[in-house]
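S.K.: Below, each chain spelled out in residue letters.
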Amino acid sequence: MFGYILRRLVSTIPVMFIVALIVFLMLRLTPSDPAAIIAGDNANAQQVEMIRQQLGLDKPLLVQLWVWLSSLLHGNLGESFFFKKSVTSLIADRIEPTLALAAFTLVIAVAIAVPLGIFAAMRRGSLLDRIVMGFSVMGFSVPAFVIGYALIYVFAIKLQWLPVQGYSRIANGFEPWLRSLILPSLTLAVIYVALLARMTRTSLLEVLGEDYIRTAYSRGLTPLQVLVRHALPNAAVPIITVVGLGVALLIGGVVVTESVFAIPGIGRLTVDAVLARDYPTIQAIILLFSFVYVMINLIIDVSYTLLDPRIRY
Amino acid sequence: MRFRKFAFAAAVGATIFAGPQSVAPAAAETVLKAVMHSDVKIIDPIWTTAYISRNVGYMIYDTLFALDAKNEVKPQMVDKVDISADKLTYTMTLRDGLLWHDGQPVTAADCVQSLKRWSAKDSLGQKVFTGFVSEMTAPNDKTIVIKLKEPTGLLLFALAKPSSNVPFMMPKRIAETEPGKQISEFIGSGPFVLKRDEWKPGDKIVFTKFDKYKPRPEPASGFAGGKVVKVDRVEWLAIADAQQAINALSAGEIDYMEQPPHDLLPLVKGDSNLKIVVNSGVGQFTFRPNSLVPPFNNPKIKQALWYALNQEDFLKATVGDPAYYKVCKSFYPCGTPLATTAGMDGLLTGNSKKAQELLKEAGYDGTPIVLMASTDLPILTNLGPVAKQLLERAGFKVDMQSMDWQTLVARRNKKDLPNAGGWNAFDTAWVGADILNPVLMAYMNAACDKALFGWPCDEKIEKLRTAFMKAPDAAAQKKIAEEAQLAAIAYTTHIPLGEYSAPMAVRKNIDGIIDAPVPVFWNITKK
Amino acid sequence: MSDRAYTQTFSALAKLRIPAAAKEPAIVIPAVILGILALIAILAPWLGTIDPALLDPTQRNKLPGFVGQITLADGAKAPFTFHMGTDNLGRDIYSRVVYGARISLVIGAMVAIVATALGLAIGMVAGYVRWSDGLIMRFMDGLMAIPPILLAIALVSLSRAGLTAVIVAIAIPEIPRVVRLVRSIVLSIREEPYVEAAVTAGTPTPVLLFRHVLPNCIAPLIVQATFVAASAILVESILSFLGVGIPPEVPSWGNIMSAGRQYFRIFPHNMLYPGVCIAVTVLCVNVLGDALRDRLDPKLRKRV
Amino acid sequence: MSDILVVDRLTVELPPGSDRRYAVEDVSFSVAPGEIVCVVGESGSGKSVSSFTVMGLLPREVKPVAGSIRLEGEDLMNASEKRYRELRGSRMAMIFQEPMTALNPVKTIGDQIEEVLKVHTQMSQAERRARVMETIGQVNLPDPDQIVRAYPHQLSGGQRQRAMIAGALALDPALLIADEPTTALDVTTQAQILQLIAELRARRGTGVLFITHDFGVVAEIAHRVVVMQKGKVVEQGLADDVLNRPQHPYTQMLIGAVPSLTPADRKPLDGAPVVLHTKNLRKVYSSGGLFQKKRVVEAVKDVSIDIRRGETVGIVGESGSGKSTVARCVARLIDPTAGEVAIDGGDYAKLPERALRDHRKRMQIVFQDPYRSLNPRRTVAQSMIEAPVNFGMSQAEAMSRAGDLLDLVHLPRQSLDRFPHQFSGGQRQRICIARALMPQPEVLIADEAVSALDVSVQAQVLKLFDEIREKFSLALLFITHDLRVAAQICDRIVVMQKGAVVEQGPTKDVFAAPKHPYTQALFAAAPGKQIGNRI
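Protein chains in written order, with the numbering used here: chain X, 622 to 934; chain C, 156 to 682; chain A, 83 to 386; chain D, 931 to 1465.
If you're looking for bench data, these hints aren't it; they were derived computationally from the structure. Predicted model, so just to flag it, every value in this text is computed and none were measured. By construction, the Cβ of each residue, glycine as well, lies at the ideal position given by its N, Cα and C atoms. Treat the hints loosely; a few may be bogus.
[To be verified] Derived CB-CB ranges, DEER-like:
1) Ile634(X) with Leu1281(D): 51 to 59 angstroms
2) Leu269(A) with Gly830(X): 19 to 27 angstroms
3) Lys682(C) with Ala724(X): 53 to 61 angstroms
4) Val433(C) with Ile920(X): 36 to 44 angstroms
5) Gly755(X) with Asp1005(D): 40 to 48 angstroms
6) Val433(C) with Ile111(A): 48 to 56 angstroms
7) Ile431(C) with Pro350(A): 18 to 26 angstroms
8) Thr926(X) with Leu269(A): 48 to 56 angstroms
9) Ser214(A) with Ala275(C): 56 to 64 angstroms
[What the hints assert, rightly or not] The following residues of chain A were derived to be distant from chain C, with all beta-carbon distances above 12 angstroms:
10) Arg142
11) Leu217
12) Ser340
Could you put together the complete structure from these sequences and hints?
M.R.: Listed below in structure tokens is the structure:
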């Protein structure tokens, strides 16, 4: 088990290396000039060239790559071109809202979606099933920002129950923190709930068709007993897999949601950094998100061993 | 707002919905929350010309001189200034009790070093200090002596320069930073102190009242007079979405919004808790052709632009409400001393027939005009499509390329041909304070390669600008300014597209906002 | 997925005849709606529209049904009814929405085609050419680890924005998923006895892939392509929302919405019409995809 | 003594759109205490539906519409769902064909057996534990302490089926329904399971309803036999009567089709030249990599086989013996690790794919599953001419040859334009044989080619193999797990166990006097030896 985790950790290195390579090349091979942006509106060509030199952007591509990769290996994500801060501290400043938003969303989504999916599967073909599935397809069909605006309009402007925008740090109190998270999380949760409810239903239906379910019935178990003792433990693996894969969706959604709700998280940092051509920050964020994605899926893979005794590494 | 019980209470827990007053700070500290036109990413107001950095500068730094509401130069940090009879020696004495935020007294040496750094960066500073100043010394802690080679009426104006780059005063050790590098320590002597640890780019920037600041005794007027701070804390929040900012304003989550888009003002008007504050400062939309590459390297073709474009169309499309725009056929802001419509007869009215004729005469060969249009700054977004349509009506072929402002900024420095990554034209906006006279007006710089992007190249304009600096009095200045405008029209350095005012939206309990071209936060009260 | 599932797919595909499909409302209704939308897109110039880029600063922010006049390119004026109102540049929203169908549907279709075509080619190579498998799949793992919207944002905003750039940027993050799907199909199909029979029949590998493996990928790919198309239309609107999409003067639904979102509270029509179009289109594509999947291959649920 | 189970004129309706209206029509039979009743029939005969109806486990869409089912006198057709649940597991229990999938993979064996006790009794945990251990002991599972904690995947197929039986019998039900419980098992394991069921029945007096398609199994354990065809009972009676004196023509045909375990008389072929020759053939699979423990599996060890022109050589063995791996190595669908494979002396064991092409047409293969052996999207003609056209034959010539070969396998020439799904399993296997013959191979490999077919079809296909071998003087390599099939078609047989050849020789000699203990065990385990010998 320990050996397996170690092996999996080691195997993320090439993946992360490829991510790094893709990101690096993507940034350098597209036409944009961070130096000109930093130099500002009234800068002349020499000033821009000077900044370019300061940033090391005048060096050959391979040298830049080497410089970046070797500093990465030392745990140094570099210094933001634009914010004049280390990328690490920039991200550290922004991580809390994003983490809170993602975690809260995940909790809400799982709490809503899994029971919905189970009900739909148990009552396959019923009105409830159709409603859940209908909602799920709709959830995939409406852009997140539209949902966000609608929620703001109803709950923040008309009813004035919740704040319009912003994020209150948990250090400033639990209640404001929770209040500031509700609307963004609901916005973000919609697509996730849609995905998760649907996958829960599908996995459960699949499991319910297995032979051992028939065996369980042949031993006189009630449908509820069959669900709880036999179907759910077996459906857990695919459901958890989707939770993990959905993290990619969540990360994408964070960018939009943070923009709508003016939450100072990493999602907005991404857009800011991209618009400012802040290479070190863009690189670091993409690496970070990819790393999170890979790690979450690693954790999920490892959790399989707890859920399914057949899976041993 | 009252706590509402039904439906939701059970689901999430009642206290969550208790309303925003429960979030109010414990102490009786007055906090002013504002949304500015942009997020603060760079503070050094000497290093960058970004307006938001300039605005930060006015919070934490102070200036030697300042323009008052009538655009007259008034001493600010300086107590008195003595000008020698030959107008070649200026002796300035600092006020008593000026302190840096770290508690150290402000010295003349600090100011001399600050002026050196500023004059190395700022275009007006360069002109005045390299062209006229022979020596600048600090004989004692209180006294600054500036000696000139020949007289200029612009020295004190330069020291009171209201907009980017503003000659802000910094401690000597900080001002010794190379002008090409950003400073990393932000200590000023201004009325607010930057809370460095709470500055989170993309989130907020926080200022607190500087208790030991000594305001001048005069009442505040423009940038001049006593900078009396009447709130304890000012927070600038980054809310990029303007509608969301207004929503937040309505909900009382913020108090002050610097630049609500004109189209959203009805929302402000419709909310009894909000009010609109109109500043006398104006902005000018500007069309900048690239005089270096074809077809705009041909002045005749550029002449057609004056007939093709129409101020009214641009103003309507970007501002809409006539209360907030003004047709102004002057390079200098209307209502300021130098404003003139000289040479503008029949221009900028959208006379596409005339434009077509001129194009024919000039032999325009149908080369497409690469028009860069920025898409992410609301005030500029609509200029591009209007320009495209007007130019096309006049017979130009237009290839409008949309990009975000940052890309535009990068690309406009390229001298290449448009099909090789260069450009032909773009639209932008200037604040009035930046274009008060021909020397200040960066786009009128026609020094060929040394000029700004667009690289206009005209000896006559340059001579007039130098003459302006040497002009002995206001009447002479006005005459030269008018001549410079005529020359700039003939050459077409750039084209003014009309003026707009940018009202602010604030909550009703906010008062005492100073009418200045730059939003400043002293004198504001929150009840 | 079991091999058997694929055998079922083939027979299901063999059974998917037009008359049979025509009886299933979940296929017919979305297909008809999408057909109408496509027709609207094609016939845009003849549907009472004007140039979607034509702007008139005197007629900004008019409400739906406003009767005004338009200034034609030659300066002449003509009366005109703005059925869906105008935007804040005085452009006719009805015309923009109708022309927008072209852009948005093209984006959906092209992204689906590009992603599935490239994914198919790469997936087949990875699945059949053993030595290339490790290399390709590691690269795909890397690509897949990057959250798709982030990748698209970076790709679009860093390259020169344009329709092609947007299509490529949305398509690239979809490729690894298609590759994985195709590869897994190839891996299971290559074990099928009839493929082995073809091997013993001396069929050269390219022919083998084309003749025996490729057809099996088509049903799942059609299903996958519908989901890619649906998400592409949504991602386009998100990119526009974030201000990194195709140039705003191009009337895509996402752009119209994004331009209107600032004024949502005062002029909801700016956002409403394109929003409804996007939702209906994506909903139809999704429902169609679901129905096709259920019909072609019930087991595919697990993967798509 | 009254019957435990009485099924009377049971009719079960299929949902609309099925291939027939009733799954089971007017079926009556009964099971007495301590009696084993075998329901036998080919696929689609309705034998499984009958048993599921008794258990009340039919899918929702399938409904019993007439007749009655009585368990120990209690009417089940009108029993409530709750009563049904009480009966299931306590008074009647069921075991299934595939013990791997019938056990929940994420729960221990102990938990799954104990569950029955939990649901139906008020026993304390200690009592339940004790009963679980006792039951495990009764089904002869070794080391009960370990078995209770084991997960299904950690057991062998036979052990899993024993665990299933333990779960079914934990509460001593009156009726045990066994649905093809040994079909997925190897022959030696099958013998043990059959013996276990017979023993438990004898010890406890449980009535057993045993569903099977295999007359060998029927002969081995049945007291009474019910023969079903297309949803109807065609004949029932005492095992001895039905097996030895079948009355109904269908029963006669079925029993007649079972191949005999006594080898057929076959002409010796001593003079014929050796066509296929393998020497020290080895295939090793290794897995694992940089950070993983290396696992090496030797699937085939030093296998040397010669086949003469016109000769059929059978490889027999249980699952995992490596017999199919040999076939795939010979067909070069996989690359042998070492050794020689040669046709007419030309060794192609190590040739790269490009150089292999000339050899490919000389060896062709027929696979087990007729449903997957033909590309469903291509017509019969397209499938058949693929090989000859690849090897340079003209389209027209290939088409005419395809027609001729369809004649030979007794299929109409019009079949050429049809698609595989229009044919039955047996017909498809004929098409596969015809396809294999298209490039005029010298060696034909049949990899379990008749194992998936119903017994009546199996007999016909076997006959076809023999015909074509003779007609084209083929060297036929016949892979099978079924000793009966091997006895009938092979001139010589090779017995494999765990990748190695343990014995080989003329079929007659091996069957008459098996020398290796494994071969002896294999023969001893074959059920119902007398079946097929007579008719």
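S.K.: Now look at each hint and say whether the structure bears it out.
M.R.: Now for the hints, and whether the structure bears them out:
For the pair Ile634(X) and Leu1281(D), the supplied restraint of 51 to 59 angstroms is violated, since their beta-carbon distance comes to about 39 angstroms. At roughly 24 angstroms, the beta-carbon separation of Leu269(A) and Gly830(X) lies within the given 19 to 27 angstroms, and the hint holds. Taking 53 to 61 angstroms as the suggested C-beta distance range, the pair Lys682(C) and Ala724(X) does not conform, at roughly 40 angstroms. The hinted window of 36 to 44 angstroms between Val433(C) and Ile920(X) is violated, with their beta carbons roughly 57 angstroms apart.
For Gly755(X) and Asp1005(D), the Cβ-Cβ distance of about 43 angstroms falls inside the hinted range of 40 to 48 angstroms, so the restraint holds. Between Val433(C) and Ile111(A), the C-beta spacing of about 55 angstroms keeps the proposed range 48 to 56 angstroms intact. A hinted range of 18 to 26 angstroms holds for the C-beta pair Ile431(C) and Pro350(A), which are about 23 angstroms apart. Under the hint 48 to 56 angstroms, the C-beta atoms of Thr926(X) and Leu269(A), about 24 angstroms apart, miss the expected range.
Remark: the range hint 56 to 64 angstroms for Ser214(A) to Ala275(C) is upheld by a beta-carbon distance near 59 angstroms. Under the 12 angstroms C-beta cut-off, the non-interface status given to Arg142(A) relative to chain C is violated; the minimum distance is some 6 angstroms. With a cut of 12 angstroms on Cβ distances, Leu217(A) stays outside the contact zone with chain C, its closest approach being about 35 angstroms. Remark: the non-interface label on Ser340(A) conflicts with the geometry, its nearest Cβ contact in chain C lying 10 angstroms away (cut-off 12 angstroms).
Hint compliance for this structure: hints 1, 3, 4, 8, 10 and 12 are broken, all remaining hints hold.
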